[in-house]
Amino acid sequence: MRPPVLLDRPARWLLGALAAGALLVVLGNALVPQGHALHVSTYTVTLLGKYLCYALLALALDLVWGYCGILSLGHAAFFALGGYAMGMYLMRQIGTRGVYGHPVLPDFMVFLGWEELPWYWHGFDQFWFAAAMVVLVPGALALVFGWFAFRSRVTGVYLSIITQALTFALMLAFFRNEMGFGGNNGLTDFKDILGFDLQADATRLGLFLASAAALASAYLLARRIVTSKFGQVLVAIRDSEARVRFAGYEVEHFKLWIFVFSAMLAGVAGALYVPQVGIINPSEFSPLNSIELVIWVAVGGRATLWGAVAGALLVNYAKTVFTGLLPEAWLFLLGALFVLVTLFLPKGLAGVFLHRKGRPT
Amino acid sequence: MNVLEHARRLLRRDQVFPMLMPKRLAEPDTRHGPILYLEGVTVSFDGFKALDDLSLYIDDGELRCIIGPNGAGKTTLMDVITGKTRPDAGSVWFGQRIDLLQLSEAEIAQAGIGRKFQRPTVFGGHSVFDNLRLAMAGDKGVWRSLFDRLGAAEREHIESILETVGLADHAGRRAAELSHGQKQWLEIGMLLAQNPRVLLVDEPVAGMTPAETERTAELLTGLAGRHSVVVVEHDMAFVRAIARRVTVLHEGRVLAEGSMEQVQNDPRVIEVYLGEDDDD
Ligand SMILES: Nc1ncnc2c1ncn2[C@@H]1O[C@H](COP(=O)(O)OP(=O)(O)OP(=O)(O)O)[C@@H](O)[C@H]1O
Ligand SMILES: [Mg+2]
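Chains as they are written, first to last, in the working numbering: chain B, 1 to 361; chain Z, 1001 to 1280.
Calculated directly from the structure, the hints in this document are not laboratory data. Among the hints, erroneous ones may be present.
Stated by the list, open to error - To spell it out: a stretch of chain B is covered by chain Z in this simulated footprint if at least three of its residues, at any positions, have a beta carbon under 8 Å from a beta carbon of chain Z; those stretches are:
(1) 222-229
(2) 241-250
(3) 253-264
As the list claims (entries may be wrong) - Pulled a few chain Z residues facing chain B out of the computed Cβ check, cut under 8 Å:
(4) LEU1101
(5) GLU1105
(6) ALA1106
(7) GLY1124
(8) GLY1125
(9) GLU1154
Glycine included, every Cβ here is placed at the ideal spot set by N, Cα and C.
Turn these sequences into a full structure, and let the hints guide you.
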C-alpha cells in the first residue's frame, strides 16, 4: 500500500495549468499591445481574478461537503464576511477623498449623521489588522456556530437548513443601516489598496496574481489535509459517522476543525474578491449565492478538490456568457444543469474523467 | 484546592501545564472480578421498554454469549454499554471506577471497549488497509492525526492483522467492494487493531460460510482470556461451539444464565425461544 502523495497527477496538472494561465495573462496584458489577438484586456484580467476567488470558495466548500459530508448551504456567508473585512479596510483608505471629505468617517456614516466611528471599525485602517480579521471573523463565526451544531449532533438536511438560515439572518442584519456596514448599498467607491490605485492596470494584475497565488496555496494546504490521516478520518465520518465514534475519535472535534478552516479559506476568497469587483453589499449573503456555490462543486465533482476548482471556473464562465446573451434564462439553466448532473453525473465532471481512465474514485 | 495552590500547580516548571496533558483514562479496576457491571438498566422508546431493569455482570477475560429472540434487546444492550443510547435508569460501570454513563462514545472506545455492529459497518471509501489503520489504537486527536505518519511497526502490525482475518490479498481494495462475509472479517480486524479490553460482537457470523464461521469461532475463543468478549448470535451451532456461559435475554430482561446445557434445558427458555425454532 502506497500512502497518498501530496502532488499526484491532478495536483501537478492543476498547479501547472494555474501557473501557465497566470503567466499568459500577465504577458498578454502587460506586454502584448492592445488590438493584438493575444492581448488580454484589464477587464478580462479582473474577470478571471474573480473566477479564481470563486474557485477558492468552491475549494473551501469541497473540504467540508465533499470530504466530510457537511452540506453547508451558507458558505457564502463566510466569503461575504471576509469581503466586508477587506471592504472596511478599503473604506478607511479613502480618507478625505470621500464626497463629504471627512478624515475618519466613511461617507455613509456622515450621511447618517454619525459623529464617531463605531468601535468595531477601529483598527481597520491598518492592513495587517484587516487581513487578520479576514480569517478571524469567519473563523470565529464558524467556531461558535459549528460548536453548537455539531455538539447537538445536528446533521444532514437539518444542518443544511440552519446554515441557510444563518446566511439569511446575516443578510437581513447587514441590510440595516444601524449595523454600520453601509446598509443596502454596502461598501464601495474604494480608491486604493496598500497605496496602489485600484483603477490602475498594474494593481488589477497584482490582485489577479494574488488570487492565483492564494488559490494555489490553499489547494496545496487542502491536499496536505486530505492526504493526511486527518483527511481519512473526515472521509470516514462522511461514510460512517457512528463507526468513527466507536473507533475512539471525537467526531465533533474533527468536524469543527475542518469547518473553521474552510470558513477561513472562504474569508480569504471574499477578501480578494472585493477589491477586484469594487463593492461588497448584503446581497453577497443571499442564500442563492450559497446554493450556486454548491452547484459549482456538484458540477465539478465532489471530494477531488480539482473538481471543485474546475466546476467553479466552468460554471462561472458559462454564467458570464449566458447572462450576456439571455439574462433571464440563466437561473433556469443553472437549475437544469444541477438536475442533470445530479441524475446523470453524481460524481460530476471529475467522475467522468476518473471513469474514463478506468479508475473508480 | 485554593487559589494559591492552583497557581503553584500552574507555575511548576518540572511538568507541563495540567490542561495540556493528554486526558488519560485510568485502566479499569477489575480486582473484584467483573469488568462490566450493568445494574437496573432501563431503556424505553416511547414507552416501550427495550431493556427493563436489566442487570448483567461480565467477568474480566470471560467469553459470554448472549442469545434471545428478535427484539429481545441485545443490540440495545450494546448501545448502552458503548454510549450510543443513554438509559433512562440504572448504572453502567467499566471495572469499579469508570462510570460509562459519564463518557462520550469516543471516550468509551478509548477507555477500552470496542464493538462490532450487527450490520457490518466499515469505511467503504477507504482501502481495507486504511480501515485498519484508522481503527488502530493510539492517540486519536485532531493534531496528532494531521501529522501522523505510518511507521514500519504500525504497518507490520496491520499486515499481521490482515493475515489473521484472511484479507491479506485484499489490502488495497476499497472496503465497499468486499463481500458481506469479508466486511464482517474486516470489522473484526478493526476490533483487533483497536485492541480493546472488552469486545462487544453483534452477530459476527451472519452471512459467513461454514468454514468462515469456524475460523471466527477459533478467533473469538482465542481472544478470550486476554480480552473479555461478549458475543450476540442467533446461530445456535456457533453459540454451542464457543459458549462457556450463556445469557438469555427476553423482552429486555435476563431470562436465564448458565452453561449452554443448563440454559437449553430451562423450561422458560424452551418456551420463549429454543422451542419455536432451533436454527434461525
Ligand atoms: N431507536 C429505537 N427506537 C425505537 N425502538 C427501538 C429503537 N431501537 C430498538 N428499538 C426496539 O427495541 C427492541 C429491542 O431491539 P434490539 O435491536 O435491541 O433487539 P435485538 O435483540 O438486537 O434483536 P435482533 O435479534 O433482531 O437484532 C425492538 O423491539 C426494537 O424495535
Ligand atoms: Mg440486534
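Hints, verified against the model:
no.: 1; hint: 222-229; in the structure: holds (count 3)
no.: 2; hint: 241-250; in the structure: holds (count 9)
no.: 3; hint: 253-264; in the structure: holds (count 3)
no.: 4; hint: LEU1101; in the structure: violated, 16 Å
no.: 5; hint: GLU1105; in the structure: holds, 4 Å
no.: 6; hint: ALA1106; in the structure: holds, 5 Å
no.: 7; hint: GLY1124; in the structure: holds, 5 Å
no.: 8; hint: GLY1125; in the structure: holds, 5 Å
no.: 9; hint: GLU1154; in the structure: violated, 11 Å
Comparing the model with each numbered hint stated earlier shows that hints 4 and 9 do not hold.
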